[in-house]
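Heads up: the sequence lines are chains A and B, in that order.
So for the first sequence, this note's numbering puts the first residue at 753; every next one is plus one.
So for the second sequence, this note's numbering puts the first residue at 753; every next one is plus one.
Hints in this document: simulated from the structure, not taken from any laboratory.
Among these hints, one or two may not hold up.
[To be verified] A few chain B residues facing chain A, derived, Cβ under 10 Å:
| no. | residue |
| --- | --- |
| 1 | A936 |
| 2 | H1264 |
| 3 | N1276 |
| 4 | A1279 |
| 5 | A1289 |
[As the list claims (entries may be wrong)] Restraint ranges, calculated between C-beta atoms of paired labels, are given here:
| no. | chain 1 | residue 1 | chain 2 | residue 2 | range |
| --- | --- | --- | --- | --- | --- |
| 6 | A | G1158 | B | D1256 | 47 to 57 Å |
| 7 | A | D1157 | B | A1013 | 58 to 68 Å |
| 8 | A | E937 | B | T1053 | 36 to 46 Å |
| 9 | B | T947 | A | A835 | 36 to 46 Å |
| 10 | A | G816 | B | G1249 | 52 to 62 Å |
Each residue gets a CB set at the ideal place from its N, CA and C atoms; glycine is no exception.
There are 2 protein chains.
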Amino acid sequence: MTQATTPGTDTHPFYAQHRETLERALQAIAERSYWSHFPESPSPRVYGETAAADGEAAFRAYLGHPFPLADQPGTTSWVATEASPFGVDLGVSYPHPDVDALLAAAAAGLPAWRDAGPQTRLGVCLEILHRLHRNVFELANAVQMTTGQAFVMAFQAGGPHALDRALEALAYAYAEMMRTPANAEWEKPAGKGETLKMTKTFHLVPRGIALVIACNTFPTWNSYPGLFASLATGNPVVVKPHPRAVLPLAITVKIAREVLADAGFDPNLVTLAAEEAGEGLASVLAVRPEVRIIDFTGSTTYGDWLEANTPQAAVYTEKAGVNTIVVDSTDDFAGMCRNIAFSLSLYSGQMCTTPQNVLVPAGGISTEQGQKGFDEVAAGITGAVAKLTGDPARAVELIGAIANDGVLDRLAKVREVGEVLLDSQTLVHPAFDAAVVRTPIVIKLDADAEATYGNEWFGPISFLVATSSTNESLDIFRRTVKANGALTASVYSTDDGVLAAAEDAAMDAGVHLSCNLTGGVFVNQSAAFSDFHASGANPAANASLTDGAYVANRFRIVQSRRHQ
Amino acid sequence: MTQATTPGTDTHPFYAQHRETLERALQAIAERSYWSHFPESPSPRVYGETAAADGEAAFRAYLGHPFPLADQPGTTSWVATEASPFGVDLGVSYPHPDVDALLAAAAAGLPAWRDAGPQTRLGVCLEILHRLHRNVFELANAVQMTTGQAFVMAFQAGGPHALDRALEALAYAYAEMMRTPANAEWEKPAGKGETLKMTKTFHLVPRGIALVIACNTFPTWNSYPGLFASLATGNPVVVKPHPRAVLPLAITVKIAREVLADAGFDPNLVTLAAEEAGEGLASVLAVRPEVRIIDFTGSTTYGDWLEANTPQAAVYTEKAGVNTIVVDSTDDFAGMCRNIAFSLSLYSGQMCTTPQNVLVPAGGISTEQGQKGFDEVAAGITGAVAKLTGDPARAVELIGAIANDGVLDRLAKVREVGEVLLDSQTLVHPAFDAAVVRTPIVIKLDADAEATYGNEWFGPISFLVATSSTNESLDIFRRTVKANGALTASVYSTDDGVLAAAEDAAMDAGVHLSCNLTGGVFVNQSAAFSDFHASGANPAANASLTDGAYVANRFRIVQSRRHQ
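Chain A extracted, bound-state conformation (with noise of 0.2 Å):
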């Protein structure tokens, strides 16, 4: 028997710990309000005085060696690919497999596994995240070195959060897996007094190995729900961390690894997939039969590969997209303006989310300080950059490091196809001083540029595209999202009309759309179990952080049925 109501005897007592946690999730995600399960300030004060310094000093002791997953079968050599972006040498080496033996090892689990059955799945589903959780400063530190984010986004992005998400994708897994009694008897009444009748079984049987393709901005943010969702609907997971952020992955591999043995299963249903850089190992892995489901952070052009060349896998891929700001007008120009320049800034633009096209009318914008000309709203928004990034300790509490020279390329490239109208600083960091810092560059565009704007510009770039009207801009934003997608949209507007029109056009458009953001929250931001990351409606991504579409294929559900 599989799934039940209530937990049997034989659920692993992990279930039993974590279970309200669970129950308060499944609330969270009917509800879609405020909740948070890892709080997301490092203060002392929430984690304890040593908290901070212990974890550093964990990540620092991998620094120069081989990383501790000997254990894991199929290595045929060790491989060191991280640069950091802060320039901390980091030397830590990682297991490389031979594919078939890896496979054959993350196959072998899956028997017990699927038949431990959903309560036993989740308990230690979420023992690996309260684990996590208790090593979530060190977890933070190789966020941080690895990715180029300041300190304070990379433990919050890449740890409470994280597990936020990663808790999330849990529920609606759970929440999914229930949804289908373990057993049902079917009485059919067959006329004359006859009735036909049936005890039926419905087994949850996963759809086998589950590949998580990592990216180099968010190791842990944007793997996680694609790694909890697949393990806790039964599949054993191989996970292909990009080869510039392993070591977050590497960590997370490691007690995932731990708690599955401790709890009597094979470890091997959690495994490390590094490479050397360019080998193409993710290609190698997608297109393997045994690999059923993947999950893929990343470019377009390989997140299009993946969904046009894989038809034995569920595949869920997150890509690139022109994420829009539309300024119609605004009731807090100064407000308005810190806020967008606070999202431009922050990680120096390397989210997924951050906003790159901001569409004005040349003939400015109404505010509650009058008319301001399409100059004064560019001056507002770049002096606004200008002020987050002046002062260089400051700065780089904020736009953390450059994670990869594909962004300085583009950094220089930008400087080309526009009027720069801020351009991009070098800073030194003052902790790091091999750290690659840059300042966001701003650039006008006209509307008629759509060559240049519609396409993504990853990094610190963004575009301050004049046009000749806000219909105007809406027609933009609708267009050029529906052509290459988008993960956040914001628009600024006074008018109930114009709301409701760039509502519509988003609902067309498929993208999230904020509204009227001038305070403490900001367009790249998303909120687990509240704000959906990404829509699935638009080129940018083929599903959705995290919904029941995102669950609903990772499993199967087998019958069997017997007169009783």
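Position chain B against the provided structure of chain A, taking the given hints into account.
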């Protein structure tokens, strides 16, 4: 605002009219015990004295005329492609569309249909089912005369059972849409007694145009779930019928259009895309970017092509497989033989669920009458088939007629591949002298003939495969189904260990299993609201009728948020 837990004042009255039915269906999918909404008996006591005659007259009125779909836009010509297996001259012609015009017309109604919200959409869909049911005898005649099913089967499978499956799909679609609230208030503590407050709105947004590619043998039963799941979740639906079975779907489309128009919606939300045989219209439609959902029933070759070549769409396929019976032992030898014989004979084996491979140990099996040798088991089954099909007048009400020449070709070819244990007979139909009627053929094969029995031989063709033991039978079962898929499996054994091993094998192979069927339930029949049809866990299908995964990705959630 879109979905709501209680219907708004602007919800269409159809919702209130059918709300109780929906609620009962929601209960049924949560319990998966016995329930049916549409009575399966065509008796006059159920449907009234004149219903049968009225329905037949309505059916006959279509014959020889252009079908009344002249209001459908984009028609460039009319095509008449049907040839009844019963030899009845149908002569109905159907609109052949200009694809651009048809898709543009289909898309035009999307925004209003989307914005109507889930209650109104459900009300309209339930009213369509209600009116189809009101015309169920007309529909049954159309199914019978295009598929070759005997009347009672055409009535049941083509009418009430198809309608029940549609209702089941509607219930899943509704439940899925209701999982996310229409609105949420989000209040996040922001420190220092401050609170960040936002109002969030969650819109349900359809994927786009849904294409339903129907089959020759079950035009309504296999297409209704996808059609109604897509329509209920807001997608316009284009129905591409098989050229030999257009009429049942033309009637369906006509009634759907009438109900949509009555409710004030664009009737082009449901359209028919008829084609000449061999024209390839399905492929033209399937790769269109506007087409975002595809439901298909048919060949493995074409299903695999769809899965690999339409990455823009969510694709749900039901293909071919090698349905298997493992015979180990029985305590009701006659009941087993009768039950198997009925399954092999029903609709001349032209069900996607008909068993093909009956695996029997060469050394025979134990029964309540003592040990029976392989030849005795074979004689028991073939004798039961011969008895069921011996009298033409009785036989044709079970086996119906042969749907198309492909089946006849396979019947001829299969005689070469093994020892004929029971030959196929040509019968003369007492009522339709031009009907193409053939009784089942049963062929003996050895276990090493996997190249033959490992592929599907669609039609009244089955193989008795002599294996070395039940263990080998289970190995063959597991291996062939994993490799080539199956929609059904069954096992006969008096040994609990064998039943458990068969259930394990069925889980590994991902196929639904029936145990020891000797009475009035047959392996090729699945009951809506209780049995899942197909599992999506083996190559015979990538989806199941009907579960959460079948509906969850037919719409997306697009949210907006603003400060309070």
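Hint check:
no.: 1; hint: A936; result: holds, 4 Å
no.: 2; hint: H1264; result: holds, 5 Å
no.: 3; hint: N1276; result: violated, 13 Å
no.: 4; hint: A1279; result: holds, 7 Å
no.: 5; hint: A1289; result: holds, 4 Å
no.: 6; hint: A/G1158 x B/D1256: 47 to 57 Å; result: holds, 49 Å
no.: 7; hint: A/D1157 x B/A1013: 58 to 68 Å; result: holds, 60 Å
no.: 8; hint: A/E937 x B/T1053: 36 to 46 Å; result: holds, 40 Å
no.: 9; hint: B/T947 x A/A835: 36 to 46 Å; result: holds, 42 Å
no.: 10; hint: A/G816 x B/G1249: 52 to 62 Å; result: holds, 56 Å
Going through the hint list in order, the structure does not satisfy hint 3, though it satisfies all others.
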